[in-house]
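K.L.:
Below, each chain spelled out in residue letters.
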Amino acid sequence: MNYLESKQRVSFFSLKFFILAIVFFVASGIAQAADTIKVGVLHSLSGTMAISETSLKDVALMAIEEINANGGLLGKQLEPVVVDPASDWPLFAEKARELIQKQKVAVTFGCWTSVSRKSVLPVFEELNGLLFYPVQYEGEESSYNVFYTGAAPNQQAIPAVEYLMSEDGGGAKRWVLLGTDYVYPRTTNKILNYFLKSKGVAKKDIMETYTPFGHSDYQTIVADIKKFAAGKPTAVVSTINGDSNVPFYKELGNQGLKAEDIPVVAFSVGEEELRGIDTKPLVGHLAAWNYFMSVKTPENKAFIKKWNAYVKKNKLPGGSKRVTNDPMEATYIGIKMWAQAVEQAGTTNIDAVRQAIGGQTVQSPSGFEITMDAKNHHLHKPVVIGEIQEDGQFEVVWKTDGPIRAQAWSPFIPESSKKVADWTYPWVCGNCTKAKF
Amino acid sequence: MVNQFSPIKYFCSISFSRTLKFLIRPIGLIFVVAFFISSISISEANEFESLLNDLGNKSRSKIKIAVQKLGELGNPAALPALNALKSKRLAVTGKGNIVILNESENQAVDVLTGEKLNIESLIFKKPRINNTVRRYLATAIAKLKLNSKESTVRLEAAKELLKRSSSSVLDLVEASLKIEKNNDVREALLLVLAKINIEGKDRNKRIESINTIKKFGSKDFYTVLERVLQKNDKGEFLEEDSEIRDSAAKAIKSIKQRQIFIDQIANLFYGLSLGSVLLLAALGLAITFGLMGVINMAHGEMLMIGAYATFVVQNLFVEYLPSYFDWYLIVAIPVSFLASAIVGIILERSVIRHLYGRPLETLLATWGISLVLIQTVRLTFGAQNVEVANPFYLSGGVEVFNGVVFPYSRIMIIVFVVFVVTAIWALLQKTSLGLQVRSVTQNREMASCMGISTRKVDMWTFGLGSGVGGLGGLALSQIGNVGPELGRMYIVDSFMVVVLGGVGKIAGTVAGALGIGIVNKFLEPISGAVLGKIIVLILIIALIQKRPQGLFALKGRSVDN
Numbered sequence: 001m002n003y004l005e006s007k008q009r010v011s012f013f014s015l016k017f018f019i020l021a022i023v024f025f026v027a028s029g030i031a032q033a034a035d036t037i038k039v040g041v042l043h044s045l046s047g048t049m050a051i052s053e054t055s056l057k058d059v060a061l062m063a064i065e066e067i068n069a070n071g072g073l074l075g076k077q078l079e080p081v082v083v084d085p086a087s088d089w090p091l092f093a094e095k096a097r098e099l100i101q102k103q104k105v106a107v108t109f110g111c112w113t114s115v116s117r118k119s120v121l122p123v124f125e126e127l128n129g130l131l132f133y134p135v136q137y138e139g140e141e142s143s144y145n146v147f148y149t150g151a152a153p154n155q156q157a158i159p160a161v162e163y164l165m166s167e168d169g170g171g172a173k174r175w176v177l178l179g180t181d182y183v184y185p186r187t188t189n190k191i192l193n194y195f196l197k198s199k200g201v202a203k204k205d206i207m208e209t210y211t212p213f214g215h216s217d218y219q220t221i222v223a224d225i226k227k228f229a230a231g232k233p234t235a236v237v238s239t240i241n242g243d244s245n246v247p248f249y250k251e252l253g254n255q256g257l258k259a260e261d262i263p264v265v266a267f268s269v270g271e272e273e274l275r276g277i278d279t280k281p282l283v284g285h286l287a288a289w290n291y292f293m294s295v296k297t298p299e300n301k302a303f304i305k306k307w308n309a310y311v312k313k314n315k316l317p318g319g320s321k322r323v324t325n326d327p328m329e330a331t332y333i334g335i336k337m338w339a340q341a342v343e344q345a346g347t348t349n350i351d352a353v354r355q356a357i358g359g360q361t362v363q364s365p366s367g368f369e370i371t372m373d374a375k376n377h378h379l380h381k382p383v384v385i386g387e388i389q390e391d392g393q394f395e396v397v398w399k400t401d402g403p404i405r406a407q408a409w410s411p412f413i414p415e416s417s418k419k420v421a422d423w424t425y426p427w428v429c430g431n432c433t434k435a436k437f
Numbered sequence: 438m439v440n441q442f443s444p445i446k447y448f449c450s451i452s453f454s455r456t457l458k459f460l461i462r463p464i465g466l467i468f469v470v471a472f473f474i475s476s477i478s479i480s481e482a483n484e485f486e487s488l489l490n491d492l493g494n495k496s497r498s499k500i501k502i503a504v505q506k507l508g509e510l511g512n513p514a515a516l517p518a519l520n521a522l523k524s525k526r527l528a529v530t531g532k533g534n535i536v537i538l539n540e541s542e543n544q545a546v547d548v549l550t551g552e553k554l555n556i557e558s559l560i561f562k563k564p565r566i567n568n569t570v571r572r573y574l575a576t577a578i579a580k581l582k583l584n585s586k587e588s589t590v591r592l593e594a595a596k597e598l599l600k601r602s603s604s605s606v607l608d609l610v611e612a613s614l615k616i617e618k619n620n621d622v623r624e625a626l627l628l629v630l631a632k633i634n635i636e637g638k639d640r641n642k643r644i645e646s647i648n649t650i651k652k653f654g655s656k657d658f659y660t661v662l663e664r665v666l667q668k669n670d671k672g673e674f675l676e677e678d679s680e681i682r683d684s685a686a687k688a689i690k691s692i693k694q695r696q697i698f699i700d701q702i703a704n705l706f707y708g709l710s711l712g713s714v715l716l717l718a719a720l721g722l723a724i725t726f727g728l729m730g731v732i733n734m735a736h737g738e739m740l741m742i743g744a745y746a747t748f749v750v751q752n753l754f755v756e757y758l759p760s761y762f763d764w765y766l767i768v769a770i771p772v773s774f775l776a777s778a779i780v781g782i783i784l785e786r787s788v789i790r791h792l793y794g795r796p797l798e799t800l801l802a803t804w805g806i807s808l809v810l811i812q813t814v815r816l817t818f819g820a821q822n823v824e825v826a827n828p829f830y831l832s833g834g835v836e837v838f839n840g841v842v843f844p845y846s847r848i849m850i851i852v853f854v855v856f857v858v859t860a861i862w863a864l865l866q867k868t869s870l871g872l873q874v875r876s877v878t879q880n881r882e883m884a885s886c887m888g889i890s891t892r893k894v895d896m897w898t899f900g901l902g903s904g905v906g907g908l909g910g911l912a913l914s915q916i917g918n919v920g921p922e923l924g925r926m927y928i929v930d931s932f933m934v935v936v937l938g939g940v941g942k943i944a945g946t947v948a949g950a951l952g953i954g955i956v957n958k959f960l961e962p963i964s965g966a967v968l969g970k971i972i973v974l975i976l977i978i979a980l981i982q983k984r985p986q987g988l989f990a991l992k993g994r995s996v997d998n
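Listed in order, the protein sequences are those of chains V and E.
Residue numbers are given in this note's numbering: position 261 of the first sequence equals residue 261, and the series is strictly consecutive.
Residue numbers are given in this note's numbering: position 115 of the second sequence equals residue 552, and the series is strictly consecutive.
Just to be clear, a hint being listed does not mean it is correct.
[To be verified] Straight line, CA to CA, 16 Å or less: simulated EDC-like cross-link-like pairs of lysine to aspartate or glutamate: (1) E:501 - V:391; (2) V:226 - E:657; (3) V:232 - E:657; (4) E:970 - V:181; (5) E:596 - V:261; (6) E:525 - V:395; (7) V:258 - E:597; (8) E:525 - V:126; (9) V:227 - E:657; (10) V:226 - V:208; (11) E:687 - E:663; (12) V:375 - V:395; (13) E:690 - E:677; (14) V:321 - E:824; (15) E:693 - E:678; (16) V:227 - V:181; (17) E:563 - V:395; (18) V:227 - E:593.
Hints are computed from structural coordinates only; laboratory data are not their basis.
If you're wondering where the values come from, they're calculated on a predicted model, not measured in any experiment.
Here chain E stands alone, though its shape is the one from the complex (with noise of 0.2 Å):
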């Protein structure tokens, strides 16, 4: 049985009380009030169990009432049953008993007596709900959550409140405000107050409302400022006091001001990320092409090998280690850049060897050797696309400013890019390897006179050049499709940064592959995404006219030849 305390039964059974006072003992008087106190716990305890009851029940529409009421009675005991329902794990059993299944759905707790049902004798049917009880659910959930210990949760679920909010929650918010003490809730919880009041009919209220949106509000609260300077067909203002359409021109100005500049960061966070996924499907193409002068028309399925080999590193895991599947994507990364290396070398060996110093019959060539290897691959894998899960790590994302969220699988693929990076020119610049790759790129026949193998370099550059595209391949899973296909996406735009760059010089990939991105990212906003496009295209090609070299131009001796 749950105890529940209310203001106004208290305050009843004191009354009560009182009466009584004069006429019964105080042994009797105690027995009396408890019973009574007692008695209102039965009822709102019954009513609370049938509303639980009611959350498993077959109409949509009861489930919905059961839900608000729910929020409404403030009891938090609901909010397991309330939050398996959300995630559709909670079940009705034959009996009529509602339970909440764990996670691999193999174990029942029932949510009154909180018995520990065993799954297999049990034949549950699940509520269904759609999004109007999530609404629902979601207000709900959140007004229980607001007396929660965790400053946190608090913070979420006043925003939540924020979303959706109503003149229901007015009582609970101001009480909520008179004990919050953490500073950003209190701000969210203002901010909703200042969202029911500013509708309301008090002066004062309102234009305190105004000043405290002003002061944290963000653009989501345009709407709700533009309603105070609607103005009717014949253009009079619907506001008639002048103080608060004032206020709430300001309120609408400083929020303009301080939006224009949380978009300004945005949209170069947007930017540096498809700059990086460019940088990472162009890197190994910079290797191959810019360095060795290959045009590998190829890379691409590269890439779609890395993203390959990522799927069956998965797959793998689900198989064989299905509780370390979190951390497969770590045993990914050095397999699909071997899986691309060893396809990368291969090609080197059987065919592109045979065509060094002829540009023409390289492209054909690896033109048909990327349509081989796609083929294999639809007919190993199907034509469909394949799912590749984003490990929890890289789902979700964290909420920078007000509504600009950036994903996590976006920030890790820059931090991994960075990584990317600093690694081939640690390759390049400080390995001997590197020193040989650079002067087989600077003059073969000499470092060939030097005694350097220029042969295996190739072969090494080459498998090194098709290993990143690997990675990028590894990457680009997390965020978008994995099929066949996958490589002619990217081959263009792979080719069109490294041109713009500058062939030769890894450091003109990056610039090329970020500047890209950023201008595509602060265009699209103004162009859309189909013109934003051209106008890239057009601005590369008028660079390339200026400068044919590319950005960074190679310096050295036999780059005329």
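The following block holds chain V by itself, in its conformation from the complex (with noise of 0.2 Å):
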């Protein structure tokens, strides 16, 4: 009985020991834990928008794994947290009231679509999260939670309308406004109205046409373009989102619609997009952007190695194929802002790392020195224009001098001209006429 009893207390006593143990690894896995630095990352992983946006979440963590390779922020490792909100428009405001509330991260790089923008905006708001936004817009819009890393429409969608109106861009007299039924074609078309108009194009020599999402037949509206074209020279601006870019430059290659007649600009084609096209047909047509990957500079060029070893090392899908592109640069530039925000700020604190953004400047592989404006939360970006080639790339054909400052409010637009976005002292306002303070 006294055996058992003794060999019972022992065995009770290593329990109690086992158990401690326990506690003090789970304890010290804890620490380690708040050790890190959480970063949402919220791109579709799947749906309509996969295709854009997978490339988007590769370089977000590509990134971080930089940053984390030379020591980490503040002494401590950063921690990418991804969810995935399938193209749903309502589920990115789940997911992102999910990473601030329940992960807690300190900021969220993420979103494609201008609705899934404007859907998870509340959100970061009520909750003051801090969100990095990477890819080109309509404007018309400043949020405090916000720091847009794509363009403006001065930054692209001006700049493109001027070179196809210039002599070397064929001198454009008519216009094809072509877009995908959402917000961000219809918001850049009614700048692209009132600029126009401002140039003296009548009424009559624009034609504006929307499809639906994921719409997949182009055969009226080609024919209609080139019914429109006759006797003019017309351009085609094309704000068409995601995959029907693919059958509608099909289309144009198959009725013969060629870039020395009506030259194609699109906003949303870029690298990515054209990988699953043959562009033999397109050669000639036009994209403007921020970035191209065919940009000859020593930055560019060691962000491309980077990429490819980054995407050799984890077996990315699709492999010596990937490509860099403008919303990939913009992504990467984001988060190097925001890490050296944070290093200045000594802290992840929203509040004291949103003061510390404005007015940084990166090293971009555009080859120019980027600022984020403190006043709009805009980056100053270069303007790039290139024509498509047969190898899938770009060649830039136009570029401007060195960035512009984005304009977050079209002056374009009656409504909206006299309206300023300023968030320094003493405006403190996206979208005033007049100072707060």
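Two chains, two frames, some hints: make the complex.
P.N.:
Right, here's the structure in full:
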């Protein structure tokens, strides 16, 4: 009995010891977990937008890995939290809430379509989160909680149209504004309509057409463009988004619409989107961005090298065929900028970091020193216009001398020309006509 | 050296020779004339050579000028170099020689000497061109091709000149018209002339031009004609001559009449083409849903598998049979059919056969299966769309009327759908399997009593439906995206077609698909693509309300069960 008891005691003791050990282990694990900084990545990895957004997730992870390899931030490692909102706009808001409230991320990099951004915007403003939005968009917005690293219309759409008006661009007199039916194309075309009007283009020389998301039959539209273009030099401004670009460009090629006759300039077609298309019939059609993979700078060479190495190391699908593009560059710049701001602020506190981000500069792959505007939360960016080549890359035919400041509110739309986005004293407002203080 | 015939220089040399005639002996005369002509040729040849050299210039504006001048010189010897520049096969070697590369870029020919060069020892750079240079190139090439022996080449050149006519081509076109015998080319050249002369000062020529346009012209001439009818701010005509105005108004009217007819034909074709795409997507469903009554939400994924099978076949051809690449599509037909059919049969055996007669469960199960299939493909091939190239016989199109192009890929899809529908009809009506399928769909118990293994028939029918879906995927790969989500785009449309046409009738599906396609395409020019689609949906709902059984109702005793 005694013997038994003693044995029990021993086993009880060892059990206690064991539990203690586990508690210690878990506690140290928690302590270690608290020593990382959580970074949210909110990009669709399934659904229609997966085509475009998957590479943004990949490049975000690459940048985080790079920062970690260099010792992390404030002596802590970054811990990416990747969620998949599945191209479902309301799900974006839910996932954003999860990232901020449950995961307590210090910052989120995410969204592609403007619908998804509009959907998460109230969440970030309510919970005081921090979002970096890496894609060119329609402007007419400035939020205290968002930093826009993609282009505003005056950094993409307006210069592209000006180029097509010039002699070198073909001297277009008639304009087809063609887009997918949602907020980005509608707003961009509204701005372009006002802009063209200010340049003396008559209303009958502008044709505006929209197609539903995922539209795949462009026969009538291409035939209409041909009809409309008869007699005057014409250019097409395409804000078609996502999958629909492939059938549109295929139809252009098959109906023999050549770039030297009717050039098409696209704002949502980059290297990544061209991967699914036979580009031979498209040579000469244009795209306007702030970065192309074919830009020849030492910074870009290093960026591409890093990307290729990352793709190879992680065996990402697509392998050696993977390309870099403008929103990827914007994501990369955004992460770099946020990291610099955290170092400067010495904390990940959102209000402190937000103050520190304004005025940060990063040497971008496009070869310029890029600055974040403290007032309107947009990047100063260079504009490059490229022609599609047979290999699916772009050749630069025009570019600005240096970075241009973004206009969050377009001066061409009468009702927004007086609005000011300025988050510094005394304005502290994204949508005002006079200062608050 | 190139001896170029030029009338002015020829005349000069003759008049010069006349002044010398009395002074120098005949032999000396010949010598002098020969020397004179050759010296001119040398200077011209030098200009020609330096222009060719300029094609490789770094500055695009220099290239532009060189292209323009080469077009004006009219020496067809420049054609290969210009064509090479257009297709980006012109290069400058390290020594500054201009060479033309062959298509696989492993051989080079010197433009000036015609000497073949070893590509490996060469470092070369390609001149950069943009759309402006391409525009100049198109005009220059057209000018040079106008003297070609082939009438089709001349026609193409004349049409190109029509696009960008300027008074600089007037002499060239007039000279060509004098010797041109081919009617089509003459017509195009006359139009070029008319387009230039209508803006001129000569009244008779202007009226004549308007009449030419009235006779042959297309909608491309609206702008030119409307300019004649332009009014100033006070509402007065800028053109004072009322006869010219009247004839221009008449010309516009007659072109418009012709255009209405052309537009209707084009719309009909676009509608047929959209309808046949819908039909290909829906045909398989007409079999699995229509005949068997299985609500197969994974049908879209059968299309997707067929498209990916085409992609795999294409890649195998690139890898192993690159010289027969253009024929990969023929091989892909049975492969895509089998791939989807096999997946379909596996599905039927493993899941669907347990769910016959339970539509709700089938719906949910097949929806789940579709998600699994999409994710499997995404993990295997990546989330990105993959590139399926059009073989040469499916790229481009045929211009039926002026400005109306029927793409070959669309024409082939219409032909293909006729072939598939005929094959299915023959299979169902003329073979014993078809007989068994029809008997099982009409009365399962009775068929079973007659000794037909209904389970086996179910399996083969489902396989057939899935396989036909695979064929649809093959066709869709030629006109649209190939990605994991391909099926999602068509599943709703497919159900719509089958339900509209009448469940259980292949003929109904054909009528439903073509009907939706044609109505859609006739609405689109009026209402726009977004509203057009909505109107079509409303029409379908209204029709289903009126005729719940669809366009073609199934007749039979067991239909009420």
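K.L.:
Look at each hint and say if it fits the structure.
P.N.:
Here's how the hints hold up against the structure:
Straight-line distance between C-alpha atoms of residue 501 of chain E and residue 391 of chain V comes to about 24 Å, which puts the hinted pair past the 16 Å bound. A threshold of 16 Å between alpha carbons decides the hint, and for residue 226 of chain V with residue 657 of chain E the separation of about 9 Å falls inside it, so the pair holds. Distance hint between residue 232 of chain V and residue 657 of chain E is fulfilled; the C-alpha atoms sit about 9 Å from each other, no more than 16 Å. Under the criterion of a C-alpha separation no larger than 16 Å, the hint pairing residue 970 of chain E with residue 181 of chain V is consistent with the structure, at around 13 Å.
For the suggested pair residue 596 of chain E and residue 261 of chain V, the alpha carbons sit about 13 Å apart, so the restraint of at most 16 Å is met. Straight-line distance between C-alpha atoms of residue 525 of chain E and residue 395 of chain V comes to about 13 Å, which keeps the hinted pair within the 16 Å bound. Restraint check: the Cα-Cα separation between residue 258 of chain V and residue 597 of chain E comes to about 12 Å, which is no more than 16 Å; the hinted pair holds. A distance of roughly 55 Å separates the Cα atoms of residue 525 of chain E and residue 126 of chain V; the hinted pair therefore is violated under the 16 Å criterion.
Among the hinted pairs, residue 227 of chain V with residue 657 of chain E is consistent with the structure: their alpha-carbon atoms are about 7 Å apart, no more than 16 Å. For the given pair, residue 226 of chain V sits about 14 Å from residue 208 of chain V by alpha-carbon distance, which is consistent with the 16 Å threshold. About 11 Å separates the Cα atoms of residue 687 of chain E and residue 663 of chain E, which keeps this hinted pair within 16 Å; it holds. A hinted pair counts as satisfied when its Cα atoms are at most 16 Å apart, and residue 375 of chain V with residue 395 of chain V does not qualify at roughly 34 Å.
Proposed proximity of residue 690 of chain E and residue 677 of chain E is contradicted: the alpha carbons are some 20 Å apart, above 16 Å. Pair hint residue 321 of chain V plus residue 824 of chain E holds up; C-alpha atoms about 12 Å apart against a cutoff of 16 Å. Distance restraint check for residue 693 of chain E and residue 678 of chain E: the Cα-Cα separation of roughly 23 Å exceeds the 16 Å cut-off, and the hinted pair is therefore not satisfied. Our distance criterion of 16 Å between C-alpha atoms is broken by residue 227 of chain V and residue 181 of chain V, whose separation comes to about 22 Å.
At most 16 Å may separate the alpha-carbon atoms for a hinted pair to count; residue 563 of chain E and residue 395 of chain V meet this at roughly 13 Å. Restraint check: the Cα-Cα separation between residue 227 of chain V and residue 593 of chain E comes to about 20 Å, which exceeds 16 Å; the hinted pair is violated.
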